[in-house]
Amino acid sequence: MNFTEFFISFPEMSKESLRLFKKSLDGAYRNFSREYGDAIEAVFDPVLYFLVWFEKILQNSPWPAVIIVFLLLIYYGSRSVALTISSLIAFLLIGYFGMWDDTMSTVSIIGVCTLMSIGLGIPIGILMSGSDRARAAITPILDIMQTMPSFVYLIPVVMLLGIGKIPGLLAVIIYAIPPIIRLTDLGIREVNKEVLEAADAFGANRTQKLFRVQLPLALPTIFAGINQTIMMALAMVVIASMIGVKGLGQPVLKAITNQYFTMGLLNGLAIVALAIIFDRVSQSFGKRMQQYRAGANE
Amino acid sequence: MSEIKIKIENLYKIFGSRPREYTDIVRDGVDKDELLSKYNHVLGLDNISLDINEHSIQVVMGLSGSGKSTLIRHINRLIEPTEGTVTVDGEDITKLNKMDLLEFRRNKTGMVFQRFALFPHQNILDNVQFGLSIKNLDKSDSIERAMYWIEKVGLTGFENKFPNQLSGGMQQRVGLARALATDPDILLMDEAFSALDPLIRTDMQDQLLDLQKNLNKTIMFITHDLDEALKLGDRIAILNGGKLVQDGNAEEILLKPADQYVANFVKDVNRIKVLKIKTILDQGGERANSNPTVNVNDSIENCLPAILESQSGLNVIDEKNNFVGSVSKNKIIDILQKSKD
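In order, the protein sequences belong to chains A and B. Just so you know, the first sequence maps onto residues 1 to 298 in our numbering. Just so you know, the second sequence maps onto residues 1001 to 1341 in our numbering.
Calculated from the structure, these hints are not laboratory results. Worth double-checking, as some hints may not be accurate.
Capping the alpha-carbon separation at 16 Å, the derived lysine to aspartate or glutamate pairs in EDC-like fashion look like this [as the list claims (entries may be wrong)]: (1) B:Lys1108 - A:Asp200; (2) B:Lys1267 - B:Asp1225; (3) B:Lys1098 - A:Glu190; (4) A:Lys209 - A:Glu190; (5) B:Lys1007 - B:Asp1089; (6) B:Lys1213 - B:Glu1054; (7) B:Lys1135 - A:Asp45; (8) A:Lys209 - B:Asp1126; (9) B:Lys1273 - B:Glu1251; (10) B:Lys1338 - B:Asp1268; (11) B:Lys1278 - B:Glu1301; (12) B:Lys1108 - B:Asp1089.
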């Protein structure tokens, strides 16, 4: 082989072997999804039922009742009259511009994704905080989940489960779960060593230490993670709509393909309104949990 | 003589990646500095043997880095020894398995920390209750016991406050109440009063001595403050570079320092304030009616007025007013002169 050519053009794999490599990997995955696709789908059936049930409740209940429940939750979380009134105005505008049903779909998928992220993320975070090995193994996976373009992992998810709510849900969770895992781990690791030593000195076992000292003290950090998870889930709404998730993402997608400026803007603003409400409520709720730090009376 | 409650025997602690490989060379006389520079291991404790009597206050004193905090953590095994044994009530706690160790910590020991280490997310009541709740005791019973200790340390009315709403002295009272609430035999106090300002510190020392009169705990008290050590300690152990250089009562430490290190430590102490009459007492003899009478437990300083009045010396009586001996005027003048050097 010519010596200089070696340095000028990269010695790549032959076209033929690359084609074979892709073909065999694709074939293997296709076989896998044909073989196990239905079984894996069945695993997610309960989640699907729950998601559909939740969406139906939000969409089929009288809208004033839904708004009242939302406002109560917002007030309970934030203790802010201003935010509650602003939210009322936002909901009324959303309904008035004909986006009520889509908004309810989005709220339901965000709600379910957040619950699942909490349910999975906190235990994983606890596991990571307790073992440096687990942390070393999980951190790169989280890095991949956060940086891999979402379209790339949509391909295998859609191949496996087809188009619909569950693949959308998975895509959103993959994208949104890393912050809560990372911040649970961080929150627990940041707990003051002296306080932990005190717990040890009084004979607390691992579980007692976790539930009485570590988790309560990590809670504000964990809540920052929940907040970020919600925000990232909302950011995925449009992408998830490409694989058939109903909600505010679909009209945005339609607006992009047809150049409907106003339609895109209205639905985009509805997503922004939801994001702001979720963010403010979860932040002030998180803040109230660390009141003891400020020395306030409670 | 009272019973030995805690027996520490030939205790070694070496910090580093392969501590066990270095116990032999430490035994052969390699010291802390050499171990660090040549072998990159830190010598925490170097062949410590110490007996601690039941119901007594054992002070462990030394400068920072002398290993005193390491030593106290071996009593409840927050730190694992490299070699040696710690025996409490005849049981070698270095051999306890995990469950037994937890039980030991829950029932036998209470600990008070230099920087309080209170649980910031729990109010004072829950902090004091912590040890009890770990034992899963009946809720109302443990609240009652916690309230009793909150009252004992003078914090009634603060039980719903959070630690950071309290001053340092008050926080350490919470720490003390938390340690006492489980009614442990052994109280481990790791520089418990060092972070407090001097007036509060004196206050807390008095409160501890006051409590100890009724409690009769076995207390291990770590400090770097000699005045505190002399005030609190029934016995005082002095550590230097992980070695135990002397263990004795206040008089022995002051009058017969084991080496230069101890001598430097005690050179600025006001001896006549610390030394008690009983340490210079000539036992027996006859009561001289012309001389004033003092108690064996008075400090020499407190007896100075009586000495000025006296003809030839002092009559000394014990707690039950029995005549036990005398102290001559010359002996006291001697001591006064010595303490000036």
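Verification of the hints:
1. B:Lys1108 - A:Asp200: holds, 13 Å
2. B:Lys1267 - B:Asp1225: holds, 13 Å
3. B:Lys1098 - A:Glu190: violated, 25 Å
4. A:Lys209 - A:Glu190: Holds: lysine 209 (chain A) and glutamate 190 (chain A) sit about 14 Å apart, inside 16 Å.
5. B:Lys1007 - B:Asp1089: holds, 8 Å
6. B:Lys1213 - B:Glu1054: holds, 13 Å
7. B:Lys1135 - A:Asp45: Between lysine 1135 (chain B) and aspartate 45 (chain A) the Cα gap is close to 43 Å, so the pair fails against 16 Å, i.e. violated.
8. A:Lys209 - B:Asp1126: holds, 14 Å
9. B:Lys1273 - B:Glu1251: Distance ~11 Å between lysine 1273 (chain B) and glutamate 1251 (chain B) Cα, so the pair holds.
10. B:Lys1338 - B:Asp1268: Distance of about 12 Å is within 16 Å: holds.
11. B:Lys1278 - B:Glu1301: holds, 13 Å
12. B:Lys1108 - B:Asp1089: holds, 10 Å
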